Amino acid sequence: MNFRRIQWIFLVAFIALDIFLGYSYISNNEFTISVVQSTKDESIISEMKNDGIDAGKLSTTRQSGYYISTSGSGILQDKLNTLKGQSASYNNGVLTSNFNQPVKINVKHPDKTLNKIVADKNKILFGSQYVYAADLSSEYENDVIYVQKGPGLNFGGTEGQIRFKVNSENQIISYTQSYLNDVKTLREKERLVSERKAVLYLYQHDEIPDNSKVKWTKLGYTRLLALDDDNAVYIPTWMVAIQAKNSDSIEIKRINAFTGTLSKTDASTISEVTEEAN
Numbered sequence: 001m002n003f004r005r006i007q008w009i010f011l012v013a014f015i016a017l018d019i020f021l022g023y024s025y026i027s028n029n030e031f032t033i034s035v036v037q038s039t040k041d042e043s044i045i046s047e048m049k050n051d052g053i054d055a056g057k058l059s060t061t062r063q064s065g066y067y068i069s070t071s072g073s074g075i076l077q078d079k080l081n082t083l084k085g086q087s088a089s090y091n092n093g094v095l096t097s098n099f100n101q102p103v104k105i106n107v108k109h110p111d112k113t114l115n116k117i118v119a120d121k122n123k124i125l126f127g128s129q130y131v132y133a134a135d136l137s138s139e140y141e142n143d144v145i146y147v148q149k150g151p152g153l154n155f156g157g158t159e160g161q162i163r164f165k166v167n168s169e170n171q172i173i174s175y176t177q178s179y180l181n182d183v184k185t186l187r188e189k190e191r192l193v194s195e196r197k198a199v200l201y202l203y204q205h206d207e208i209p210d211n212s213k214v215k216w217t218k219l220g221y222t223r224l225l226a227l228d229d230d231n232a233v234y235i236p237t238w239m240v241a242i243q244a245k246n247s248d249s250i251e252i253k254r255i256n257a258f259t260g261t262l263s264k265t266d267a268s269t270i271s272e273v274t275e276e277a278n
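Residue numbering for the sequence shown is 1 to 278, as defined by full-length UniProt numbering.
Treat the hints as calculated values from the structure; they're not laboratory data.
Predicted model only: the values in this text are computed from it and were never measured.
Incorrect hints may have been included.
Unchecked claim - In silico DSSO-like pairs for lysine-lysine, Cα to Cα no more than 30 Å straight-line:
(1) K197 x K149
(2) K165 x K149
(3) K165 x K189
(4) K79 x K40
(5) K245 x K165
(6) K215 x K104
(7) K149 x K123
Turn these sequences into a full structure, and let the hints guide you.
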């Protein structure tokens with residue numbers, strides 16, 4: 001009986017030791033892979049600096065996001081008659097409206113005034129679903145941009161935006177709005193590539209020219225494909241604003257945040273203005 005008990009003690013001890021060694025082996029492997037990858041990334045960043053590319057401090061944090069589906073902006077047309085103090089019309093997915101009275105804003109902090117307007121359901125439809133986009137707004141001299149919120153991230157394409165127009169007297173006189181209705185998640189949440197990975201992928205694809213600067217990055221949903229005229233699928237995308245030195249324009253490149261692959265279709269170029277992106 002005592003010998004049998006001794007056998008059990010040795011067996012339990014052996015299993016515990018085996019589990020401990022297995023865990024240590026896996027942990028060490030993960031640590032080794034992480035160290036090797038980090039060293040490789042640092043080497044690429046060093047190459048970028050040698051090429052005169054200023055990317056600033058890039059985060060290695062990995063967020064999560066979804067594949068999502070939406071329907072179009074048609075619901076805006078159905079609610080036009082609820083808007084007050086403006087003349088609004090709807091065409092091809094976009095609501096266009098002119099305020100009866102211009103709204104004075106502080107151009108450095110337009111959101112202080114516009115947040116109240118956006119929150120007023122008699123002035124902006126579904127306003128609670130939009131948020132001020134300081135980085136995008138700072139790149140357009142006469143526009144203040146609000147973007148629609150999505151599950152965990154905001155929308156980053158041209159759909160799901162409110163664009164307020166600013167006149168020479170720093171007044172809001174009109175706006176355009178698109179709205180993505182019936183937002184649904186299609187799959188479980190997945191981890192995304194980090195900000196640093198997105199920028200390094202662009203560099204490795206020769207999409208960042210020598211002697212340039214990464215002005216800002218933004219993670220948001222952009223369109224992957226259109227199912228029909230009203231329905232589309234969106235995915236998380238890293239938007240990276242790049243400005244070549246001695247250039248007056250900024251090019252926005254996009255990286256699929258699930259796969260790290262380059263999205264050519266959504267690349268855009270905008271004119272530089274004096275204010276820096278936040």
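Hints and how they fare:
1. Of the pairs offered as hints, the one joining K197 and K149 holds, with about 24 Å between alpha carbons and a cut-off of 30 Å not exceeded.
2. Under the criterion of a C-alpha separation no larger than 30 Å, the hint pairing K165 with K149 is consistent with the structure, at around 21 Å.
3. Restraint check for K165 and K189: the C-alpha separation of about 36 Å exceeds 30 Å, so the hint is violated.
4. Annotation: proposed proximity of K79 to K40 is violated, straight-line Cα distance about 54 Å (limit 30 Å).
5. For the given pair, K245 sits about 29 Å from K165 by alpha-carbon distance, which is consistent with the 30 Å threshold.
6. Restraint check for K215 and K104: the C-alpha separation of about 29 Å stays at or below 30 Å, so the hint holds.
7. As the CA atoms of K149 and K123 are separated by approximately 19 Å, the hinted pair is consistent with the 30 Å bound.
Hint compliance for this structure: hints 3, 4 are broken, all remaining hints hold.
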